[in-house]
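Going down the list, the sequences are from chains D and C.
One point on numbering: in my numbering, the residue at position 53 of the first sequence is 133, and numbering is uninterrupted.
One point on numbering: in my numbering, the residue at position 66 of the second sequence is 69, and numbering is uninterrupted.
Careful, some of the hints might be misleading.
[As the list claims (entries may be wrong)] Which residues of chain D face chain C? A partial, calculated answer using Cβ under 8 Å:
1) His94
2) Pro96
3) Ala173
4) Leu194
5) Phe198
6) Ile210
7) Leu214
8) Leu217
9) Val236
10) Cys259
11) Ile310
[As the list claims (entries may be wrong)] Here are the in silico distance ranges between beta carbons for each label pair:
12) D:Leu129 to C:Asp169: 48 to 56 Å
13) C:Leu46 to D:Arg344: 34 to 42 Å
14) D:Phe180 to C:Leu153: 52 to 60 Å
15) D:Gly300 to C:Asp169: 29 to 37 Å
16) D:Pro86 to C:Gly254: 47 to 55 Å
17) D:Pro183 to C:Glu306: 41 to 49 Å
18) C:Gly93 to D:Gly153: 38 to 46 Å
19) D:Leu98 to C:Gly93: 26 to 34 Å
20) D:Leu340 to C:Ile147: 49 to 57 Å
[What the hints assert, rightly or not] Residues of chain C clear of chain D, computed beta-carbon distances all greater than 10 Å:
21) Asp78
22) Tyr205
23) Arg273
Bear in mind the hints are in silico, worked out from the structure with no lab data behind them.
In this text, a Cβ means the ideal position worked out from N, Cα and C, and glycines have one as well.
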Amino acid sequence: MNHPSPLRRLLTIHLPALLIVLLSIGPFAWLALTALTPSAEISARGVSLSPAVWSLENFNRLLLHTSFTGNMGHSLIVAAGTVVLGLLVSVTAAYSLSRFRFPSRKLLMLQFLLVNMFPVVLLILPLFIIMRWLGILDTHLALILANATVAIPFAVWMLTSYVDAIPRSLDEAAMIDGCSRLQALRRVVLPLALPGIISTGIYIFITAWNEYLYALTLTGRNVRTVTVAIQTLIGEFQIEWGLLAAGGIVGALPVVLLFLIVQRRLVGGLTQGAVKG
Amino acid sequence: MSIADAEALDAPRPRARGRRALPYWLLTPAVLVTLLIVFAPMLLAIGTSFFELVLFRPKATHFIGLGNFVALMSDPVFWSSLWRTVLWIGLTVPAQMLLGLVAALILNQQFFWRGLARALVIIPWALPSVVIALMWRWIYDPNIGVANDLLLRLSIIQTAVPWLADPGVALYSIIVTLTWQGFPFFAVMILAALQGIPKSQYEAAAIDGASAWRQFRHVTLPGIAPVLATAGLLRVIWVANSIDVIFVMTGGGPGYATHTLPLYAFVKARQNLDFGYGSAIAVAFTLLLGVFVAIYIARTMREVER
Chain D
81 MNHPSPLRRL
91 LTIHLPALLI
101 VLLSIGPFAW
111 LALTALTPSA
121 EISARGVSLS
131 PAVWSLENFN
141 RLLLHTSFTG
151 NMGHSLIVAA
161 GTVVLGLLVS
171 VTAAYSLSRF
181 RFPSRKLLML
191 QFLLVNMFPV
201 VLLILPLFII
211 MRWLGILDTH
221 LALILANATV
231 AIPFAVWMLT
241 SYVDAIPRSL
251 DEAAMIDGCS
261 RLQALRRVVL
271 PLALPGIIST
281 GIYIFITAWN
291 EYLYALTLTG
301 RNVRTVTVAI
311 QTLIGEFQIE
321 WGLLAAGGIV
331 GALPVVLLFL
341 IVQRRLVGGL
351 TQGAVKG
Chain C
4 MSIADAEALD
14 APRPRARGRR
24 ALPYWLLTPA
34 VLVTLLIVFA
44 PMLLAIGTSF
54 FELVLFRPKA
64 THFIGLGNFV
74 ALMSDPVFWS
84 SLWRTVLWIG
94 LTVPAQMLLG
104 LVAALILNQQ
114 FFWRGLARAL
124 VIIPWALPSV
134 VIALMWRWIY
144 DPNIGVANDL
154 LLRLSIIQTA
164 VPWLADPGVA
174 LYSIIVTLTW
184 QGFPFFAVMI
194 LAALQGIPKS
204 QYEAAAIDGA
214 SAWRQFRHVT
224 LPGIAPVLAT
234 AGLLRVIWVA
244 NSIDVIFVMT
254 GGGPGYATHT
264 LPLYAFVKAR
274 QNLDFGYGSA
284 IAVAFTLLLG
294 VFVAIYIART
304 MREVER
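So here's chain D without its partners, still in its complex pose (with noise of 0.2 Å):
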C-alpha cells in the first residue's frame, strides 16, 4: 500500500471530516454563543465571539428568575417514569418472543412493529378526550402513558434482539439445573441483558424527555415540562434570545450527554433492530 501525502491527506480526509462534524455541532454551538452573550448585548451588536463579552447573565436569570428548575423536575418524572413502564412490560413480552415458538408470536411482533408507526396526530386527539374522561389530563401519569405509546413497542423490538443475542443453552443449562422458566429469566438472561435492558431504558428516557406535542396537549398548569416551558421564555413583548438559548442549552444538555455515552452500543442495536429513530 502506498501512503498519500500529508497534504493530500488534509484536503482527502480531515478537512470534509472537519466540515461535517462543524455542519453537525455549528447550530448548537451557535445557540450556545447567544447563551452566553448578555441580551443588551444581542439587542446591540448581535451575538459575540470575544469571550470577553461573555457571561452567565442569561443562565442566572433563567435558573433564579424563572420555572425552569421546576419544570426540568416535571422533565424527570415523566421520562423516568417512561422509562419505568416501559421496560417494566417489555422485559417479559422480549423473552417470551425471544424464546417461545408460539402460533400468534409473528402476529404479536407484527403488532408491535405497527403501534411503532401511528402518526402522533392519529392518537392525541383521543388521548386528549380519553384522558379528560378520566380526569387525568395535566398529570404526570398522563404523558407516563402518552410517551408509552412509543416506548412499549420501541422497548419489545430492541431488547427482542438483545435477548436473541444471548445463547438459548445458558438458559436450558439454568432448567436443567433446577430453575423454572421465570427464574431462569430473572437469574440468567435479566443480568445478561443488563446493558441492552441500560441502553434502551436511556433511548426511552431521551425520546420521552424530547417528546413535546403530547406534552402540549395533555398538560399544561400543573405539569409543564422542559420543552413546552422554554417555548414560553420567548417573551411577551419581543423575543428573548438570550434567555431562550440558555433553555435550550440547559434542557438539552442532559439527554446529549446521555446520547454521548450510550450512542456507540446504541448505534448497535438501531442498525439490527432498524427500530423507529
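Keeping the supplied structure of chain D fixed, place chain C upon it in accordance with the hints.
This is chain C only, laid out in the frame that chain D set:
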C-alpha cells in the same frame, strides 16, 4: 423412548398446558397496555371522524356518517396540504439520505479523531425538536439572524430574506432544518452497512483496474442498497409524521404555506377544537401513509422469519 419420557407423557396435563400458556402470560402486560393506549384511541379516532364534534359545543355533537370526509374532498386546504406533504417528504428524505451518505463515506475513512467525529455528528439526532426549531428560528431571524448575515457577507443574496415569513420560501427553510435534524440517522445506518462490505471486494475491483467511481458504483452502492431502502422507508414514515418542528417554527403559516396534512389535523383540533374534522384529516392521512407502513412491515417481517 425411555421409561421416564413415557411417564412424562402420562403426566397430568395442567402443568403442560400452563407451560404452553407461559409465553402468552409473559406478553400479556405489554399487549394489554398497547391495546389500551394505542388501539383503543385509534378506534376512538376512527369513530370520532364520523361525528360532528366541536369540543366547546358538546351538546351539538351528532353522527354525520361520512360527512367529514365528503367535506374533506372539497376542502382546498386539504388538497394543498396533501401536495405539500408529498413535497415535504419528497425533498427531505432524499436530502437527508444524500447528506447522510456523504457523511458516512467521510467518516468511514481512517483518521485519528474518527471516534470523536462520529460521536459529534449524531448530536442533532439527540436534540429536542423544540430546541432545534427555536434554534433555527433564531438562525433564520430576518433582522439579526446569522443566516442572512453570512449570506449577505458572502454576497450570495443581495437583500435580507425573511426565511420563515415569505410564503414561497418558508417550507423550503423548514426542509433545510429537517434535513439537518435527520441526516445523522442515515449517516449512522449507512456507516454500519459500509463496515459490513468485505475489503476483498474492493481489492478485487482495484486489481481489475476499477476507478474510485466504478468501485463506488459497483461495490459500495450494492452493499448499502438494502440499508438505504429500509432506512429510507423508515424515514418517509418518520418525516411524514413529524410536525413538532414545523409547528414551533411557523405554526403552519404564513397563511397555509407550511401546512402538511398531519399539521392541518393538529391545528384544526387545537385552534378550532374541531375534533371531528381533525380526526377525519388524521384518519385520511394515516390511510395514505399506510401504504409505506405496509411496505416497511412486509420487509421487516421477512427478516424476522426464522
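Hints, verified against the model:
no.	hint	in the structure
1	His94	6 Å, holds
2	Pro96	5 Å, holds
3	Ala173	4 Å, holds
4	Leu194	6 Å, holds
5	Phe198	6 Å, holds
6	Ile210	6 Å, holds
7	Leu214	11 Å, violated
8	Leu217	12 Å, violated
9	Val236	6 Å, holds
10	Cys259	14 Å, violated
11	Ile310	6 Å, holds
12	D:Leu129 to C:Asp169: 48 to 56 Å	29 Å, violated
13	C:Leu46 to D:Arg344: 34 to 42 Å	41 Å, holds
14	D:Phe180 to C:Leu153: 52 to 60 Å	58 Å, holds
15	D:Gly300 to C:Asp169: 29 to 37 Å	32 Å, holds
16	D:Pro86 to C:Gly254: 47 to 55 Å	51 Å, holds
17	D:Pro183 to C:Glu306: 41 to 49 Å	20 Å, violated
18	C:Gly93 to D:Gly153: 38 to 46 Å	42 Å, holds
19	D:Leu98 to C:Gly93: 26 to 34 Å	31 Å, holds
20	D:Leu340 to C:Ile147: 49 to 57 Å	31 Å, violated
21	Asp78	17 Å, holds
22	Tyr205	12 Å, holds
23	Arg273	7 Å, violated
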